Amino acid sequence: MEGILQAVNLTKRYGGLVAVNDVSFNVIEREILSVIGPNGAGKSTLFKLIASFVRPTSGKVVFQGERISGRAPHLVARIGVVRTFQEATIFKGMSVRDNVIIAHHLRSRANLFGFFLGTRTARADEADFARSADDILNFLGLSELRDEQASALPQGHLRALGIAIGLATNPKVLLLDEPFAGMNHDETMRAVEMVRGVRDRGVTVMLVEHDMPAVMRISDRIVVLNFGEKIAEGTPAEIQRDEKVIEAYLGVEDETIGV
Amino acid sequence: MTAVARAAGLLVLAIVLLAGVPAMIALTGRFDLYYTFTLISLLAIASAGVWVTFYIGRINIGQAAYALIGGYVSAILVSAYGVSFWLTVPIAGLFCAAASVLIGLPILRLRGVYFAMVTLVSTEVARLLALALPITGGAKGMVNLPLPGPVSVFGVTLIPDFTSLGNPRFAFYIVSVVLMFVVFIALYRLVHSRVGNLFLSLQQNEELASSIGINIAYLRVIAYAVSSFFGGVAGAMFAAISQSVYPSSFTVADSVNFMLNCFLGGLGYVLGPLVGTFVLRFGWDLLFEAQQYQLLIYSVVLIALMLVLPNGLLSLFGRGRRKAAR
Amino acid sequence: MEQVIVNGLYLGAQYALIALGLTLIFALMNVLNFAHGQMYVLGGFVTYTVYGQWHLPFVVALIASSVTLAVLGALIEKFLFRTVIRRSTREESTMLLAAAIAFLFDAVILLVFGEKQRGVPKILDGVLNTGSVIIPYDRILVGCLAVVFIIAFMLFMQFSRTGRAMRALAQDRVAAQLMGINVDRYSMIGFAVGALLAGLVGGLLVAITGINSGIGGPISIKAFMMVMIGGAGVVGGAIAGGFILGMLEAVGLSVLHAYGDITYLVIFASLMVFLSIRPNGLMGKPWG
Chain A
13 MEGILQAVNL TKRYGGLVAV NDVSFNVIER EILSVIGPNG AGKSTLFKLI
63 ASFVRPTSGK VVFQGERISG RAPHLVARIG VVRTFQEATI FKGMSVRDNV
113 IIAHHLRSRA NLFGFFLGTR TARADEADFA RSADDILNFL GLSELRDEQA
163 SALPQGHLRA LGIAIGLATN PKVLLLDEPF AGMNHDETMR AVEMVRGVRD
213 RGVTVMLVEH DMPAVMRISD RIVVLNFGEK IAEGTPAEIQ RDEKVIEAYL
263 GVEDETIGV
Chain B
3 MTAVARAAGL LVLAIVLLAG VPAMIALTGR FDLYYTFTLI SLLAIASAGV
53 WVTFYIGRIN IGQAAYALIG GYVSAILVSA YGVSFWLTVP IAGLFCAAAS
103 VLIGLPILRL RGVYFAMVTL VSTEVARLLA LALPITGGAK GMVNLPLPGP
153 VSVFGVTLIP DFTSLGNPRF AFYIVSVVLM FVVFIALYRL VHSRVGNLFL
203 SLQQNEELAS SIGINIAYLR VIAYAVSSFF GGVAGAMFAA ISQSVYPSSF
253 TVADSVNFML NCFLGGLGYV LGPLVGTFVL RFGWDLLFEA QQYQLLIYSV
303 VLIALMLVLP NGLLSLFGRG RRKAAR
Chain C
5 MEQVIVNGLY LGAQYALIAL GLTLIFALMN VLNFAHGQMY VLGGFVTYTV
55 YGQWHLPFVV ALIASSVTLA VLGALIEKFL FRTVIRRSTR EESTMLLAAA
105 IAFLFDAVIL LVFGEKQRGV PKILDGVLNT GSVIIPYDRI LVGCLAVVFI
155 IAFMLFMQFS RTGRAMRALA QDRVAAQLMG INVDRYSMIG FAVGALLAGL
205 VGGLLVAITG INSGIGGPIS IKAFMMVMIG GAGVVGGAIA GGFILGMLEA
255 VGLSVLHAYG DITYLVIFAS LMVFLSIRPN GLMGKPWG
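Residue numbers (this note's numbering), protein chains in the order written: chain A, 13 to 271; chain B, 3 to 328; chain C, 5 to 292.
I should point out that these hints are in silico values taken from the structure, not numbers from a laboratory.
Watch out, some of these pointers could steer you wrong.
Covered by chain B, per the in silico footprint, the following chain C stretches (three or more residues, Cβ under 8 angstroms) [unchecked claim]:
hint, region
1, 75-88
2, 94-101
3, 109-120
4, 223-236
5, 277-287
Simulated restraints, written as ranges between beta carbons of each label pair [to be verified]:
hint, chain 1, residue 1, chain 2, residue 2, range
6, B, 141, C, 134, 37 to 43 angstroms
7, B, 209, A, 160, 40 to 46 angstroms
8, C, 87, B, 209, 27 to 33 angstroms
9, B, 6, A, 194, 56 to 62 angstroms
10, A, 139, B, 188, 20 to 26 angstroms
11, B, 81, A, 139, 50 to 56 angstroms
12, B, 23, C, 120, 39 to 45 angstroms
13, A, 160, B, 183, 53 to 59 angstroms
14, B, 23, C, 182, 29 to 35 angstroms
15, C, 178, B, 220, 55 to 61 angstroms
16, B, 141, C, 274, 39 to 45 angstroms
Note that the structure is a prediction, hence the values are computed from the model and not measured.
Glycine is no exception: its CB is placed at the ideal position from the N, C-alpha and C atoms.
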């Protein structure tokens with residue numbers, strides 16, 4: 013079934029190093045798809061390719077029938093594919109609320125000049141953004157912290173803010189880069205609920221993660237990378253049984269792959 | 003600060019600068035101060051431009067290039083084409099903005115020291131162009147520029163003919179101060195609008211800004227164009243006041259000074275460039291009395307200030323516009 | 005042709021030493037030392053005093069220049085830069101401090117040494133004339149010394165404990181701290197070494213071209229340009245940048261000097277274009 017986004021023979025070479033090697037897969041609309049693999053497998057590079065932060069050496073990324081690879085990142089964001097970051101997910105010096113408000117930018121109808129002068133369209137935009145931001149903050153449990161400096165947030169809330177920023181862009185596909193990193197069990201469970209909530213709002217979610225229990229719990233399907241190549245694709249149950257996957261994680265505790 | 007308090011503050015400042023200072027000068031007979039304060043106003047405008055580039059996270063040591071270009075554009079239009087001086091001021095600004103778009107597109111990708119160094123070099127390039135191009139009169143510069151003419155709207159003379167004035171210095175002072183007011187009000191509005199927030203996002207996290215759909219290349223160029231516009235305007239005014247412009251009118255030292263003005267005032271404050279320019283320039287002029295010790299005292303005081311207030315003088319008054327903590 | 009190459013090499017070696025000092029400071033502290041040219045000038049004046057006025061051996065004068073600048077560099081880092089870096093919210097604030105220090109150096113140098121051009125007696129007489137190349141012996145000596153110092157510096161950075169600590173610090177400040185490297189101490193040493201190199205070249209060149217108090221600024225700008233070309237924060241970049249600029253000047257002086265200012269215009273414009281293509285210079289480390 014043709015999904016909302018496809019990776020088609022994606023390859024990325026950095027000089028002599030092949031980070032991603034001929035990776036292809038399909039992403040179904042409104043599913044939660046996780047990309048996993050041992051360290052250095054090329055997961056982050058794959059995400060950079062999909063969100064067009066990096067040009068593929070060969071292959072392409074197709075979104076809703078249109079090729080998006082090789083286009084400027086902010087254009088790809090406007091088309092609807094938005095990526096949140098592994099580190100530095102937020103604007104440190106702004107308040108939590110401002111972080112989310114500014115992420116609405118690509119929905120603005122007024123132009124820069126309009127914002128400078130404060131035209132009616134600009135003011136309408138500002139009102140919309142504020143409303144939407146408050147709604148998102150509420151949904152992610154950040155309302156209490158609206159006026160806090162973003163840099164002062166503890167880890168769990170930081171990730172939530174990162175997701176909030178991603179949501180504010182009204183994406184069709186949201187790429188979350190290690191959203192559960194550094195969280196304890198309770199925080200992870202709450203984050204899992206958040207991600208499900210995001211999907212229920214109509215967003216297709218792709219995750220890169222190391223936290224295997226969380227991945228197995230939340231994903232509809234999983235893609236497994238090793239040394240830049242796709243070695244498996246399927247449901248969590250299929251992946252857990254897959255020999256190649258087990259072999260790739262050999263030497264790692266069984267519990268980390270959820271077996 | 004509430005809007006009313008702000009407006010009141012502005013009014014008070016306007017009265018002080020436009021009426022109070024002239025009164026004080028007339029009383030003390032220090033008419034040379036008109037020139038000093040005019041210069042400070044114009045330098046503050048140029049420094050405000052540099053401040054804007056800092057706001058998007060770039061170190062700009064090239065503003066003197068645009069001041070020079072602005073000065074020459076105005077001088078050429080006035081002397082060779084008889085254009086009214088007042089018209090040449092925005093034209094010079096727009097010309098510089100256009101030039102900065104061309105230059106900015108390739109160089110704004112650079113960051114940190116690399117961007118700074120390229121801008122430093124561009125100041126030299128501007129000077130060399132001024133020497134080499136035939137239209138600028140080469141090393142001789144352009145001299146004997148006429149004083150500004152009048153401006154009348156619907157028969158009402160808004161600005162008198164400067165040649166008819168007994169004391170053009172006073173008139174230049176008024177014009178420069180008014181211009182400075184307009185510039186800083188615009189700057190304040192810019193910073194506190196969505197545009198300012200967008201610039202701030204560039205300063206704090208360009209990659210993230212890009213990933214949420216902000217066209218960072220476009221915004222950077224806009225900021226740089228605004229910056230250069232201010233530089234051009236300041237240069238054009240300066241050419242009128244000194245009635246001349248030379249390749250050496252604005253040098254690398256000036257570029258560095260514009261940058262220092264911003265630092266001293268405080269990069270986190272809209273009024274930073276104004277305060278910094280005033281302190282540095284006025285301080286330097288005051289120290290003239292110290293003769294050969296002028297530079298020594300100046301640098302020692304500067305270092306002391308940096309040690310005590312590393313975030314600028316205005317940091318005494320609390321947090322300004324929120325900046326990224328590193 | 006060979007003449008141009010020899011001149012270029014000689015100049016390049018001096019410039020490389022200057023650039024090395026600047027790039028070391030930048031690599032360690034992310035500070036662009038605006039006062040680098042002034043440190044060069046001070047080094048020259050110290051040598052002028054010790055060798056030219058007190059008639060002590062040239063070697064002693066060089067040591068004096070090096071030690072003076074090293075001590076000053078250490079003091080500046082410890083009491084000035086460290087304070088500002090610690091207390092400032094923006095990294096670029098150090099630029100104002102560096103500029104103020106440059107002014108201070110300029111002021112002191114002017115007061116102590118005056119503004120006249122100074123020179124010292126030649127350290128070696130005579131000229132080497134191979135037919136195609138004419139070069140005075142003292143230039144050869146100074147050029148060789150510069151190369152020796154460059155190699156010594158590279159060996160020091162590569163093999164000595166201090167050098168390795170500084171390299172670790174330059175690569176990753178946090179990791180270096182975690183490995184137990186005293187960041188403060190090695191920043192200070194690094195700054196001292198950087199200043200030392202500037203002063204050393206000043207001492208070397210005063211014997212050839214003399215010195216005056218006004219060239220501090222232009223030397224700083226040249227140093228910046230070298231670091232721009234070669235790339236900031238990398239030893240190889242500094243050396244490359246130094247030699248490239250040396251070559252460009254040698255070529256420019258002989259070939260293009262008929263065209264005057266156009267030469268520099270072309271050099272600068274090319275530099276801007278070059279940097280647009282290679283934003284970090286030839287091998288530089290990216291900013292931030």
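**Prompt:** Holds or violated: the region 94-101 of chain C covered by chain B, criterion of 3 or more residues with Cβ-Cβ distance under 8 angstroms?
**Reply:** As far as the region 94-101 of chain C goes, the hint holds, because 7 residues have Cβ atoms under 8 angstroms from chain B.
**Request:** Starting from the range 56 to 62 angstroms, see whether the pair residue 6 of chain B and residue 194 of chain A falls in it by beta-carbon distance.
**Result:** 47 angstroms, violated
**Prompt:** Measuring from beta carbon to beta carbon, are residue 23 of chain B and residue 182 of chain C in 29 to 35 angstroms?
**Reply:** About 57 angstroms separates the Cβ atoms of residue 23 of chain B and residue 182 of chain C, which means 29 to 35 angstroms is violated.
**Message:** Is the coverage entry for the region 75-88 of chain C by chain B consistent with the three-residue Cβ rule at 8 angstroms?
**Reply:** holds (count 3)
**Prompt:** Is the hinted range of 53 to 59 angstroms satisfied by the C-beta distance from residue 160 of chain A to residue 183 of chain B?
**Reply:** 36 angstroms, violated
**Asked** residue 81 of chain B and residue 139 of chain A, beta-carbon distance inside 50 to 56 angstroms?
**Response** 52 angstroms, holds
**Request:** With 39 to 45 angstroms as the target window, see if residue 23 of chain B and residue 120 of chain C comply at their CB atoms.
**Result:** 42 angstroms, holds
**Message:** Holds or violated: the 37 to 43 angstroms window for the beta-carbon distance between residue 141 of chain B and residue 134 of chain C?
**Reply:** 41 angstroms, holds
**Asked** Honestly, do residue 87 of chain C and residue 209 of chain B meet the 27 to 33 angstroms range at C-beta?
**Response** For residue 87 of chain C and residue 209 of chain B the Cβ distance comes to about 32 angstroms; the hint holds.
**Message:** For the hint 40 to 46 angstroms, verify it against the beta carbon of residue 209 of chain B and that of residue 160 of chain A.
**Reply:** At 23 angstroms between Cβs, range violated.
**chain B covers the region 223-236 of chain C, three or more CB atoms within 8 angstroms, holds or violated** = n = 6 at 8 angstroms, threshold three: holds.
**Range hint compliance [Cβ, residue 178 of chain C to residue 220 of chain B, 55 to 61 angstroms]** = 35 angstroms, violated
Checked against the numbered hints given earlier, this structure breaks hints 7, 9, 13, 14, 15, 16; the rest are met.
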